[in-house]
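> Work out the full structure, taking the sequences as your base and the hints as a guide.
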Amino acid sequence: MNRQILPTLFAVGLALAGCQGEVSLTPQGDRPGGTQNTNNGSTNGNNGLNGPDFKFACDEDAELPEIPLRRLSKEQYMFTVQDLLRQVVPNQADQIYAAALPRVSLIPEDAPQLDGNNKHGGFRRLDQAIQQQFVDHTLEAATVIGTQVSESAANLEAMLGTCATDSDTANDDACIVDFIESFGQLALRRPVTSDDIAFYQSVYADSGISTAGVRDMIAVMLSSPDFLYQVESAADGVDGKPNQYNLDTFELANRLAFHFWQSMPDSELMAKAADGTLSDPAVYEAEVKRIFEDPKTNRSVQRFVTEWLWLDELPEMNGLVGTPLYDAFAGEDSPSDDLKEDMVADVVSAGSYYFQENPGSFDDFFMSQKSFARSAELAKIYDTPIWDGGSEPPTFSDPTRVGLFTRAAFLATGVVNTRPIMKGVFIREGLLCTIPPPPDANAVNTMIDLRPDMTTREVVEEITEAPGTSCAGCHLTYINGLGFPTENYDALGRSRTHQTLFDLDGNILGTKEVNTLSHPRVPLDTIHEVSSGAELTPVLIDSGQLYSCFARNYVRFTFARVENDQKDGCVLETVRSLAQSGATLPEVMISLALRPEFKQRTLLENP
Amino acid sequence: MTSLNRRQFLRGAGGFTLALPFLPSLLPRSASAQDTVFPKRFVAMATHHGGIWNQNMYPDLSTLTESTAISGQTVRGGALQLETAAGKASLSRVLSADSAALTSSIAEKMMVLQGIDVPWYIAHHTGGHLGNYGRNDGNDPTTGITEFRPTIDQIMAWSPSFYPSLDGVLERSLVIGDGRLSYNWSSPSTRAGEVQDIAAEHSSLALFNRIFVPNEDPTSTRTPVVDRVMENYRRLRNGNRRVSAADKQRLDDHMDRIGELQRRLNTTSNCVDIVVPTVDSRSYRSQSSYPYDPAAMEGFWQLHNDVIAAAFLCNSCRVATMHCGDTFSTFQGDWHQSVAHKANLPAGVEQEVIVEGHQNFFEAVFLDLVKKLDVEEAPGVSMLDNSLVMWSQESGNHTHHSFSLPIVTAGSAGGFFKTGRYADYRNLLIDKSAGENPTELMHPGLVMHNQWLANVCRSMGLSPAEFDLEGNGGYGIFYTQPSANWYCDPAWYNNRAGLGDLMPFIT
Numbered sequence: 006m007n008r009q010i011l012p013t014l015f016a017v018g019l020a021l022a023g024c025q026g027e028v029s030l031t032p033q034g035d036r037p038g039g040t041q042n043t044n045n046g047s048t049n050g051n052n053g054l055n056g057p058d059f060k061f062a063c064d065e066d067a068e069l070p071e072i073p074l075r076r077l078s079k080e081q082y083m084f085t086v087q088d089l090l091r092q093v094v095p096n097q098a099d100q101i102y103a104a105a106l107p108r109v110s111l112i113p114e115d116a117p118q119l120d121g122n123n124k125h126g127g128f129r130r131l132d133q134a135i136q137q138q139f140v141d142h143t144l145e146a147a148t149v150i151g152t153q154v155s156e157s158a159a160n161l162e163a164m165l166g167t168c169a170t171d172s173d174t175a176n177d178d179a180c181i182v183d184f185i186e187s188f189g190q191l192a193l194r195r196p197v198t199s200d201d202i203a204f205y206q207s208v209y210a211d212s213g214i215s216t217a218g219v220r221d222m223i224a225v226m227l228s229s230p231d232f233l234y235q236v237e238s239a240a241d242g243v244d245g246k247p248n249q250y251n252l253d254t255f256e257l258a259n260r261l262a263f264h265f266w267q268s269m270p271d272s273e274l275m276a277k278a279a280d281g282t283l284s285d286p287a288v289y290e291a292e293v294k295r296i297f298e299d300p301k302t303n304r305s306v307q308r309f310v311t312e313w314l315w316l317d318e319l320p321e322m323n324g325l326v327g328t329p330l331y332d333a334f335a336g337e338d339s340p341s342d343d344l345k346e347d348m349v350a351d352v353v354s355a356g357s358y359y360f361q362e363n364p365g366s367f368d369d370f371f372m373s374q375k376s377f378a379r380s381a382e383l384a385k386i387y388d389t390p391i392w393d394g395g396s397e398p399p400t401f402s403d404p405t406r407v408g409l410f411t412r413a414a415f416l417a418t419g420v421v422n423t424r425p426i427m428k429g430v431f432i433r434e435g436l437l438c439t440i441p442p443p444p445d446a447n448a449v450n451t452m453i454d455l456r457p458d459m460t461t462r463e464v465v466e467e468i469t470e471a472p473g474t475s476c477a478g479c480h481l482t483y484i485n486g487l488g489f490p491t492e493n494y495d496a497l498g499r500s501r502t503h504q505t506l507f508d509l510d511g512n513i514l515g516t517k518e519v520n521t522l523s524h525p526r527v528p529l530d531t532i533h534e535v536s537s538g539a540e541l542t543p544v545l546i547d548s549g550q551l552y553s554c555f556a557r558n559y560v561r562f563t564f565a566r567v568e569n570d571q572k573d574g575c576v577l578e579t580v581r582s583l584a585q586s587g588a589t590l591p592e593v594m595i596s597l598a599l600r601p602e603f604k605q606r607t608l609l610e611n612p
Numbered sequence: 024m025t026s027l028n029r030r031q032f033l034r035g036a037g038g039f040t041l042a043l044p045f046l047p048s049l050l051p052r053s054a055s056a057q058d059t060v061f062p063k064r065f066v067a068m069a070t071h072h073g074g075i076w077n078q079n080m081y082p083d084l085s086t087l088t089e090s091t092a093i094s095g096q097t098v099r100g101g102a103l104q105l106e107t108a109a110g111k112a113s114l115s116r117v118l119s120a121d122s123a124a125l126t127s128s129i130a131e132k133m134m135v136l137q138g139i140d141v142p143w144y145i146a147h148h149t150g151g152h153l154g155n156y157g158r159n160d161g162n163d164p165t166t167g168i169t170e171f172r173p174t175i176d177q178i179m180a181w182s183p184s185f186y187p188s189l190d191g192v193l194e195r196s197l198v199i200g201d202g203r204l205s206y207n208w209s210s211p212s213t214r215a216g217e218v219q220d221i222a223a224e225h226s227s228l229a230l231f232n233r234i235f236v237p238n239e240d241p242t243s244t245r246t247p248v249v250d251r252v253m254e255n256y257r258r259l260r261n262g263n264r265r266v267s268a269a270d271k272q273r274l275d276d277h278m279d280r281i282g283e284l285q286r287r288l289n290t291t292s293n294c295v296d297i298v299v300p301t302v303d304s305r306s307y308r309s310q311s312s313y314p315y316d317p318a319a320m321e322g323f324w325q326l327h328n329d330v331i332a333a334a335f336l337c338n339s340c341r342v343a344t345m346h347c348g349d350t351f352s353t354f355q356g357d358w359h360q361s362v363a364h365k366a367n368l369p370a371g372v373e374q375e376v377i378v379e380g381h382q383n384f385f386e387a388v389f390l391d392l393v394k395k396l397d398v399e400e401a402p403g404v405s406m407l408d409n410s411l412v413m414w415s416q417e418s419g420n421h422t423h424h425s426f427s428l429p430i431v432t433a434g435s436a437g438g439f440f441k442t443g444r445y446a447d448y449r450n451l452l453i454d455k456s457a458g459e460n461p462t463e464l465m466h467p468g469l470v471m472h473n474q475w476l477a478n479v480c481r482s483m484g485l486s487p488a489e490f491d492l493e494g495n496g497g498y499g500i501f502y503t504q505p506s507a508n509w510y511c512d513p514a515w516y517n518n519r520a521g522l523g524d525l526m527p528f529i530t
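As you go down the protein sequences, you meet chains A and B in turn. To convert, note that position 547 of the first sequence is 552 in the numbering used here; the numbers rise steadily by one, no gaps. To convert, note that position 447 of the second sequence is 470 in the numbering used here; the numbers rise steadily by one, no gaps.
Derived from the structure by calculation, the hints contain no laboratory data. Don't take each hint at face value.
[Unchecked claim] List time: in silico BS3-like cross-link candidates among lysine-lysine, alpha-carbon distance up to 27 Å:
(1) A/LYS79 <-> B/LYS271
(2) B/LYS111 <-> B/LYS441
(3) A/LYS79 <-> A/LYS124
(4) A/LYS294 <-> A/LYS79
(5) B/LYS271 <-> A/LYS246
(6) A/LYS124 <-> A/LYS572
(7) A/LYS517 <-> A/LYS385
(8) B/LYS271 <-> A/LYS572
(9) A/LYS301 <-> A/LYS79
In structure tokens:
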């Protein structure tokens, strides 16, 4: 049973005194002198300690940090090209995209990052570097698409209409202008101006229907700043905020679409942008809900869940298969090539389930005991039936497997040992947004080894909790108490009561009972006593810190920049308070899109 | 030296063949081989961890027969002595290879440098190799450096001194491998904007295509699409739509790259009769056994070596960086924890794994490229002679410690460096014992890493005005921690040389 045993600042004071480089206990916003390089000009100014109750202060008068000209992520670019083609040439879209794919695949992958040195807590959307290969290969792909359209009569007719293929040359000029207007509005995702028409006519630079002219127009449109970036020139200013502007309806449509769908707006959304009704709050809210309910929103949900929960970092499970020690450990559960992906899919599917398919609250998601294992291999680890992907997911047989962090993806290591330190770091940093001070550098050379007579926990305790060492302060305060409660799962995520002890050749030396009794400090000034994931989960929930950290991550993901506690306090608090109140995750996500900050941008002409 | 007549042929492991014009024919028509300053080339290879004991990494100390002083402290140097036995040639345990590859001629073109320090706790880093010291894991418990700076390879790549002419240059630099090694301003031509990571390439075939696949038919009378794309960006930047100053910078960044693309599209390769490779490096890396298959790693990196050598031979590029996180070992498991962190256990079991991995890298990657570059470009002068190939490691003889970062080079950068040398810049008056092995001492160096990189920049023809961004004479931010701690004492560095000084023994 979880119980709170030491709610005292004195205790944490003692513990922190042993840490190298104590964390600041003050909220941070802009960090003076910004020493951290980022690609979006923001600083990582948070430490997860935004107040005693983890609430954010909302200053309605604060101006938002600027988000300069957002580049589409590679994933957004790929979805946008496909969705555009499907809108204009539905029957030929896949064939045309397949022709461009070899070029598209050469575009560099975006790196999940918080800033140049830290990836934890970061998202691919924050990687706003402009690479030479991005410019080169998007132009190449655009040219391939232009060629595919222009050199096929069927494609040409599908995209430009019969005016492009009939024998009547008198309609050719109008045909081209019509194409610039119609295709242009889709590709540029805004109304086409007379200036645009004149420019693209100059690109066309031919008379009649010209293959080269059509090719070049398409290539230039699909390489344009309006296509590759979210250009937000904004409409009218916001009262009392001289640098803050309301987005126009097209820009707003783009924000919504790229946020929820990772892609361009559909025709319905564009129509509401075009007739201006999107600026009507009721219409806007209805449209946000429609967009959210579209299956395409799952693209963003999956991306968010994967990056928020560090799932990209899960190692391969079969890397050591074939070595005597690992084979002895895995036994009949020797991992396949697919197990890692199955574990990731379990968490991502849980996200899809609670965020969209069967809306649930943050707590529902966090405390879920449903198995989303769709492979026999993972289902065996969970001791559940295989989930068919459609019906109600089965429930874990182990009643103590409660809490997101008890899913296999957060327990499995790819080696024989569990990693209680890394489990603790993930919960402290990834779920609670508190960054432990860096370890004493002397300590990082210390290996957690197999021992013939000690459990992994005992080895970790011996190395990191020795009284008087610099390790002990931080490990006791921040890490170990969060990592030990799940030591009743082995390095494949299988339930266990005892740890089998091996030598390096895989010979069994004995077994030893695992100890899950732990003393997590959540928040840092309160010590609890727990013995399982099931007991740790309410500690995390009750602290309120989970919701605060979730808010930080979701705001980062939404605005593609690191949050600023002062300037983003209102949106952070909106997400945090709703998540804590039991609102469903769709309600949380929608609520942020309804905030004025989502519909505005700061634009500094002379910073 | 490989002596080739009228036409040279490079046959790579990927099966591609290039018919190359004789290199002097690539030079300006008014120049002759005798009076021509040949273009210089730079390759940086960076590997992880280090942690190699001095006795395994460096030549025998008895070869250090000369001495001189840096600010009153003795440093040592000497000629590299190649020992050959049973078909194996060696300068040290790591620096050893088949005697057919590591010849006395190659050894005479190498330098082995010891005692070059980053004098603060940079620990896990990738930026330190080439001067972006802020690219670390923020492990300094005091302050450290987190500001980013461009790396020297990119300073070279955008330097008019390094590239006085871009004729035939299809790529200013090749960035290969695991990323986060090369950095540059987001707008390189104006040295403006954020400093950003340059995306690294894993595909030797993609790299090859960027250099050797001919551009589209230049006879077209239509305005090139790329020019129209540029015009389109200018329309937004300078037009009537409201854009912020930061938006404009982003547009400038993009247009800088369009400009580079325009330049490349108007450039043709100096090489002819190109046969496209049949094997791509990704075919090796996609193998599930790759992480513990040194032969596959060798294949992956040698294919890139082929492209680098071909690009250099054709004068299509003169800068390459390779960030190699591969272990070149059959070890399966967590290398960082199970090998690198145990490098200094006195029994030496893990040390042997590290030695084997680094020896494999030296022979299969470093030496492989060195041999490929050692082709004649003028009578008696090879392309390697006009190049500098540099291999650096993340840490010194203790993992995560940046004392005495090993530097191994080949090529004299056109005579700038005196090669065939082993230089030891350590201050032996100071011992720093750390870790589990009390006999594996660390001695702080008297040459700072910033100084070494400045020497490299100068060797490539760059002026201090081009590379001394901080005004300290060296390259990159120079930092020492404010007071002594467990890691080092800033007082140790009172006697260091000036960051802009030429280094003794090798210059």
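> Determine for every hint whether it applies to the structure shown.
Hints versus structure:
For the hint pairing A/LYS79 with B/LYS271, the CA-to-CA distance comes to about 22 Å; that is within 27 Å, so the pair holds. Only pairs whose Cα atoms come within 27 Å are accepted, and B/LYS111 paired with B/LYS441 is accepted, the gap being roughly 25 Å. Restraint check for A/LYS79 and A/LYS124: satisfied, since their Cα atoms lie roughly 18 Å apart, inside the 27 Å limit. With a C-alpha separation of about 26 Å, the suggested pairing of A/LYS294 with A/LYS79 holds against the 27 Å cut-off.
Our distance criterion of 27 Å between C-alpha atoms is met by B/LYS271 and A/LYS246, whose separation comes to about 22 Å. A distance of roughly 23 Å separates the Cα atoms of A/LYS124 and A/LYS572; the hinted pair therefore holds under the 27 Å criterion. With a C-alpha separation of about 23 Å, the suggested pair A/LYS517 and A/LYS385 falls inside the 27 Å cut-off, and the hint holds. Note on B/LYS271 and A/LYS572: the hinted pairing holds, with a Cα-Cα distance of about 23 Å set against a maximum of 27 Å.
At most 27 Å may separate the alpha-carbon atoms for a hinted pair to count; A/LYS301 and A/LYS79 meet this at roughly 16 Å.
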